[in-house]
Every structure is written in structure tokens, then in C-alpha cells.
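Visitor: Protein chains in written order, with this note's numbering: chain A, 1 to 471; chain B, 1 to 114; chain C, 1 to 413.
Calculated directly from the structure, the hints in this document are not laboratory data. Among the clues, some could well be false.
What the hints assert, rightly or not - Computed beta-carbon distance windows for the label pairs:
no. : chain 1 : residue 1 : chain 2 : residue 2 : range
1   : A       : Val-414   : C       : Glu-102   : 16 to 24 Å
2   : A       : Gly-259   : C       : Glu-266   : 19 to 27 Å
3   : A       : Ser-295   : B       : Gly-94    : 53 to 61 Å
What the hints assert, rightly or not - Some chain B residues well away from chain C (every beta-carbon gap over 10 Å; in silico):
no. : residue
4   : Ile-7
5   : Thr-16
6   : Tyr-23
7   : Ala-24
8   : Arg-38
9   : Asn-39
10  : Thr-50
11  : Ser-58
12  : Gly-60
13  : Pro-90
14  : Asp-113
We treat Cβ as the ideally placed atom computed from N, Cα and C, and that holds for glycine.
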Amino acid sequence: MYDVAIIGCGVIGSSIAYRLSKFNLKTVVLEKENDVAMGCTRANSAIIHAGYDPAEGTLMAKLNVRSVDLTKELCEKLDVPYAQIGSLVLAFSDEESEHVRRLYDRGVTNGVPGLRILSYDEAKAMEPNIADNVTCALYAPTAAVINPWEYALALAETAVTNGVELRLEAEVKSIAKTDAGFAITAGEDTIEAKYVINCAGAEADVIHDMVLPHAFEILPSKGAYYLLDKSEGTRTKHVVFQCPTKVGKGVLVSPTVHGNLIVGPNAADCAVGDTSAGADDLAFVRKMAVKSVPSIDFRQNIRNFAGVRPNSTNDDFIIHMQDGFCDVAGIKSPGLASAAGIAEYVEQMLTDNGVVLTEKASYTDTRTQPRFKEMSHEARAEIVKKDPKFGRVICRCETITEGEIIDSIRRPIVPRTVDAIKRRCCAGMGRCQGGFCGPRVVEILARELGVSRQDIDKDKTGSYIVRERED
Amino acid sequence: MTELTCICCPMGCRLTVDEDNDYAVTGNTCKRGAVYGRNELMNPTRVLTTTVAIDGASHGRMPVRTADAIPKGKLFEAIEELKKVHLTSPVHCGDVVLENLLGTGVDVIASRDL
Amino acid sequence: MYDLAVIGGGPAGLAAAYSAYEKGLRNIIILERDKELGGILNQCIHNGFGLHRFKEELSGPEYAHRYIEMVQDTSVEVKLDTMVIEITPDKKIFLDSPSGYECIEAKSIVLSMGCRERTRGAISIPGTRPSGVFTAGAAQRYLNMEGLMAGKRVVILGSGDIGLIMARRMTLEGAKVLACVEVMPYSGGLTRNIVQCLNDFDIPLYLSHTVTEIRGDKRLEGLTVMEVDENRRPIPGTEMEFDCDTLLLSVGLIPENELTRGAGIEMDPRTNGAYVFENMETSIEGVFACGNVVHVHDLVDFVSAESARAGEAAADYVLNGPVKGDYIRLVNGDAVGYTVPQKIHRDTVADKIDVFFRVRSVFGKSQIVISSGDTEIQVFKRPYMAPGEMEHIVISADKLKGFDTVTVSAKEA
């Protein structure tokens, strides 16, 4: 019997698992995919928003603003790349200038620090590649960029280190109410838990309906992106947003925390699990992006992808507890930016609902990861001396060594796929997109896991890469 | 008259072969082109390159090729025949790994040291 | 302090090191990231190499073997399993290998890192992101080096040489290659590869077509291919569906110049390689570049020849000092995409200048014109030219000496 079962191990499930792992609780996380961060968390703009966008008085406003500092602190403790680069919202007309002023007022009400409205000249001085017809801009210095996978993984890993059980490929098929709590059928097993926390992202409504009367629906909306080579990574210095207009929310242009340039997204209704980036989606993103930053060199594109927003029939996040079942649903933008605050809020909600949380005598709350590329020459020499595997560069584009790949494999949540390695140490994230290192990562994974190379999947279970010869 | 592209070398000369005039070839820039143009219509041949299994080496596959061209129609049969070959390291570049492939009189040779 | 450090032990690096040695340099090191010399030739098991250089037809590994043996007979030091991380403008080289992370210094450097393949991202193919989408070279490595098959039902996008070679290779190994799809109205590969790899096996080549959608949640399940108009936009109503588990991309090669850029060497956006002089020297004195890191070649024989010149020039630089003085600019005119070299020392010791370039479209009987302003300097005749085949001309240096800028252009005769 578990105390708490968390359904879904995206950034929300991971954040809650991390928080609960400090307490004397028996916690299990049930994830239907073969790794963490495989749903909404894996593909989004990767931004910690400052908090001026959500309407005043909403949970989104409260938790987003609360999370800005929490996230920064967590990233520092858990060694997650984080860069507070600030954001600009550009206006291109009097009407949009008016909108920027409304965002400013809202931000002030929401408690966002440091907001300023910039004139065209000020904005252009800060961000020289923006279009000449910008009328004014809202500057938010607290906005930051992170990598959502690395963030979720660091949280989930720390939770596992502290004794939380993570079950992968454990899709929840049914939940029955019992005298003691819930009986959950997940994958091949049925487990029991006193409390259930529903963090099932784009499928949170399905999970909710297994337990409680229908109350909301998830309306998945996908957004497509371009990810450009690092040669374009300094095209902007800040996250550059547009004002929402009648035709859409506008697309952003931003450096990523790893130094690439991300451009997107559009918004299109979609089915659950649809992450195709269509020709029209991509054409729209391109057309809108050059409105903000005309000089983007799309020939430097290294990857297109699409992510799913778990929008819902509610305007706000749905965080609600009833009869031992807690929904954390409809966590659309600014969901990533609010994750830390959401976990804190859920912790309080559990306490309010009679769950006794006593802190463990000891737990782990720090984590480090070797990053060869970021080391000084002296530190590199030292680590290679200690472990010659750091002397073999596997991913040339990102300078990721065999030592880092093996470190990833030996971490608390064992990666079994080529993309899982990428999520942990960035091998294959560069301009050749794993063309060179892919076969070598397959070889290392097969060797370290003691399986055949044809058993190594690229991504989801069943996404096999190669077949062995018969002779 | 048949037009074809010479494949003897990467130049890719455009040949014209006159079947009615004893397969006379024009458009070639070397003697090999004339021979190829003729053969391509009378008895097309290809050099086959593939790999065979090898044990005890730094790679599991040894690249091999036919020492000379073999009839084009025998390529698939030759591939099957070579699946039966299993080498053990060391093998040197140029070593014969299979003699007289399918009775063609052409040997199969190793393409590198392994 | 080395006299010469060669970055990369593929065909370019091997030829450069060997020539520098032949010219009298002794303290030479080759730094190679793989565990063996030979570079990409090791996976290019097909034949067709060496006709110019060795006057016989060799496979890729055989061609590499010749050069490896030549280098092994010299005192050139070879450091394998070694990745160069950074090169500084004052010729310090930081390298990482299991035997240690260190910094070495050299009087001269030859950059011979080769190139990499363009990927799905570079051409933004819409659709999902299943497994089963490979660059042709990655599938080639899997098959020829590791004995692993990329798939059973294959479509190839792009008619570059590696894609064509893989069409034949996968067919021989039992896969069904359904089509080769090329967005341009002409093939990007050598004609003989079209003949030998597609026509021989009745694999259809769809010119002016492209892949417009990739489908599949886990493994690739299917593709849509459409005809494109003259602006390379898909034409509605021309959809063809392919039921396949594998897509191989042969959509171009990009010189791998991260180290070059890091050293602050001037780059030519047309080649994606460094600007080079006739002796393959870059904008940093004593740093030379050769092979596919400068511009993408079709034939390894020409890589070897170009690299031999780079190696000789490096030896000359160390033994006799730099070539000084101003230079003549070589620029691309009508129908020519780029030239290598882009600069010619006015006081060059060479009496003949090898110039390489590609035309932008297919030509029948045509002329290559070397001119400066209204002055025609030299004219070369060609029976046929295509973008897929690199052109090579040799200009007499003394014909150029009076000019500041010389243009290479092409036209129908």
C-alpha cells in the first residue's frame, strides 16, 4: 500500500514527486511512457515566464510569479542549466502598444518585479535585430530559459534517490475506489494507494473520469517550432514575444539555454498524441517570426518539432482535491514556469486534506552532473586522468564524451533509448542531429545495458533503429 | 544505336553504341569506354562490393570486392554465396577470401587489413 | 613543438601529411578522432576510387589502405582516438583522448576535418518524428561497418552519391528500394551512379519531387511525395503515397568547420569552407585547409591532389617562410556557384593554378571563361557540365599577374 500515487511523470509529476520525497511517505509515480518528460514537457518554448501574462487573481498568475525564484533556486541546487535572460514583448501598432501597457499593469498587479516599458530606441539598443517598425516593448528582467527535460529529470532523479518509486511503461488503465483508498491498474500490475495525484497532462481528463464525475475536458493544442544551429543562437539576446492578435498568440524568438535559437509556436487544435509539425504550421511560424526578427537565417535550422499544450475547458489551472483524489490538470502555459509553485501548492493542499507530512531525518537535495564542454582546460585534464572515458568525444557537435554518456546510464533513472541519452546529457542535440553519434550511442547503450543493438529504440517503445543481419 | 553512360570511371562519358556496325562505340574518351560500351550491350558485367563476416577483428564486417567484373545477372546469387563466408582475423588487404566465385573464374578479395 | 599538425586522418589529412614529409618536414603529427585512419573511406566499400591517382579502380578501404601504408613508411606520428577541441589563432591545439587532455603547439596546421551530412532539419520535412529516418551515411556506416540493416522498405530523398550508392547496397542486401526522390530537375550525383545504382535495379528516380510528409508514431510508417514547381513548392494534386519503414536522406554535405570558425579564420559563405589561397593557405598564416572541409568534392582523387598541395605548402611555409605580398581575387561570375581558391598570391611560385568550381545548372556544349572586366584571359571548352560534377581548370599563373580581380563564368557555347 502506497501513501501517494502520482500519475504522470512530466515536469508537474516530477516536481510533486521531488517535493514529497522529503517526507516520510511511500510514494509511487506511474508513467505510461518509457522515460520521464515524454508528453507536454518534452516539447515547448522552455521558458520561465516572468508572470505578467496570466489574468489577475488566477492560480496561474499566483503560481507563475511565485515560481520564478523557486525555479532558479531548484536549478542551482539540482545542477539544471538555467539562464535568466529577460523577455521583451514587442508592439507593432498603437493598438498593440496599448496591449503592452495593459500587460505592464497586469504584471504590476501580479507582483512581477522590474517591469519596464521601452521605447523603440531603448528596445532596439537592447535587441538590435528586432524589426524597425516596433513601436514599443515590455521588458521583464526576471524571465529565464531552461531545458524542460533536464529540469524534470533532475527533479524525478532526486525523488528516486530519496526513495520514490518510479514505474515506467505503467499506463493507468483503471482506478477503483477502495475502503483504504484506491486500487490502480497500471501496466500489468494493480497497486493500492491512499491518495492519487493526477498529473496526466493531455490525458488528465481521462484519468479524472476514472474516479470522479466528468468535470472538465482537455483540449489539446499543438504548436510547431524551429530549432536553429548555435550559429544563430545570438540572433536575439532575450526571449522576444509578440502581442496576441486576432489571428493568434504570436510566435517567439529566443536563445535556448544551450545557445541555439528557438522559433515558434503556432497553435492548432489536435488529437491527443499528435505531435506532427505540418507544412502549414511551419510556414506560419516562419512568416510570423520574421515580423519580430527579420534577419533570422532559417537555413541554419537543425530540427522541427511540435509540442502539445494541455489546454482545458477551464481558463485557469485545475488544481483541486476531493475524496483523496487530487487533480493537477490543464497545466498549459505558464505550466513549466509554474511547476515549482504548483508542487508547493499541492503539498499544502495535501496537508489541508489531512495528509500528515513529516520530514525525513535525511534526504538528498543536491545533484551534480559532469559537463565536459563547460569545464576549464585544467578540469578537463583532471577528469580524463581520473576516467579515460572522458577522453573520448562521442557527440562531436555538442562535445559530449563517453564518460558523460556512461554517467547518464548509471543515474537513478536508467535511460534505455537514444533520445533518453539525449535528454540526460545532450548527445545528439547538435547540428548533425545524431547522424554521427547515433550509431555510437546505440553501441554504448547496448553494451552497458547488456542487450543487442537491435533492442535499442530511438524514442518510444517500438521505435527500433536497426536490425541485425542474419549471416 | 543505343545511348548509354559509361561507368568505367567517374567521368561518365556519354557513349553511342551502333549495334548494326559491330557495336562500334563513339563518345568515349578512353579505350575502356569502347570496351565497356560493347560489353554493356553484349555481356554486361559489374564489380561487386559487399561485406563478409569476420571474427576477432576491430569490426565485425570485412569489406570485399570481386577482383574483376562478374556478369550482372549473377550479383544477387553472389551476395548469397558470400553470406556463407566467415573470416577470422588477421586478413590482409588483397587476400583472396573466396576463389572462383560461382564458377566465374573471378576471385573475391579483401579490401583492407582487419 | 611540431612542424605540422594535421587535423583529421581521412584522405585529405593522409595526403597532406605524406606530401609535407616528402617535401622534407619531419616533425609531423596526424590527429584522428576515430580509432583508425582512413576517415569516411572506411565505410565507402564500393569501387570507383583511385582511377586518377593510382590508375586503377579501387574500393574506398583499398584507397585508404594505399595512403595508410604510404604514411606508415614515414616518421609521421599518428595519434588516434583523439578529438581536437579547440585551435587558437597562435596555433595551440587542445585535444582530448583517453590518454589525456592536452595542448600541443605546431608551426603549421593543416585542417582536414572533412564534412558532415545535411539532415532532416536542414530541409524541414514536415510530419511526425519516428525512427527510421537516417542520413544515407549513417545507414551506410550501420550496414558496412557494423553489419546492421537500417530497414526493409526504403525511400531515398536526394540523389547525392551516397544516397545512390546506398540504393544499390540496400537492394543487394535484400531491402526493397521503392524510389529515389530529387527536388531539383537534375540529379545531384554522378551520372554513372544513376546508371549503376538505380537503373541497374529498376529503381525509379523522381526528379522535381520531394517528401512532403513523414508519418508514424514509433517507427516510420509512410511518406507522401509530391511534384514541385520551378520554385520548389509542392504542386497540389500530385501526391504519391509510399508505404515504407525507412527514409534515407542524401541531401547534401556541409564542410565541418567549427574548429576553423573557432580559430577566427575567414569563411566563404558560398562554400561553407575557409577562403583559401592557391596554396590552400587560409586567412591565418601557416594554417592550411584541404579536402571536403574547404569545399565538397565528388572524387577522392581530387581531394588527394588538393591535399598534397596543402601539405607541400605547409612544408614550404615551415622551411622557407611565408608567401608575402598582395593577391589576386578570384570571383564567381555567371552560372558559377563558387571558386576554390578564392585568392591567388601575386608572387606565387606555382606556374599553374588549379581552380575548382561548380556550375549552378546543367549545360550542354559550353565554355568556361576566365576574364577581368572586359578582358578575356582564357577560355575552356566543355562538352557537358552539371552541378553534380565539380569542374577543374588549370590557369597559367603568368596570365593572371596583371589583374586584381579575375572572374570565372560559364555559358552555353
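Visitor: Please go over all the hints and tell whether each is borne out by the structure.
Guide: To see whether the hints hold, each was checked on the structure:
1. A:Val-414 to C:Glu-102: 16 to 24 Å: violated, 33 Å
2. A:Gly-259 to C:Glu-266: 19 to 27 Å: holds, 23 Å
3. A:Ser-295 to B:Gly-94: 53 to 61 Å: holds, 56 Å
4. Ile-7: The claim is violated: Ile-7 of chain B sits with its nearest Cβ about 4 Å from chain C, within 10 Å.
5. Thr-16: holds, 13 Å
6. Tyr-23: holds, 18 Å
7. Ala-24: Non-interface label on Ala-24 of chain B holds, nearest chain C Cβ at 19 Å vs cutoff 10 Å.
8. Arg-38: Consistent with the label, Arg-38 of chain B stays out of reach of chain C, its closest Cβ about 16 Å off (over 10 Å).
9. Asn-39: holds, 14 Å
10. Thr-50: For Thr-50 of chain B, whose nearest Cβ neighbour in chain C is about 6 Å away, the distance does not exceed 10 Å, so it is violated.
11. Ser-58: Answer for Ser-58 of chain B: violated, closest chain C Cβ roughly 7 Å.
12. Gly-60: violated, 5 Å
13. Pro-90: With a cut-off of 10 Å, Pro-90 of chain B remains clear of chain C, as the shortest Cβ separation is near 14 Å.
14. Asp-113: Asp-113 of chain B is in fact no farther than 10 Å from some Cβ atom of chain C, at 7 Å.
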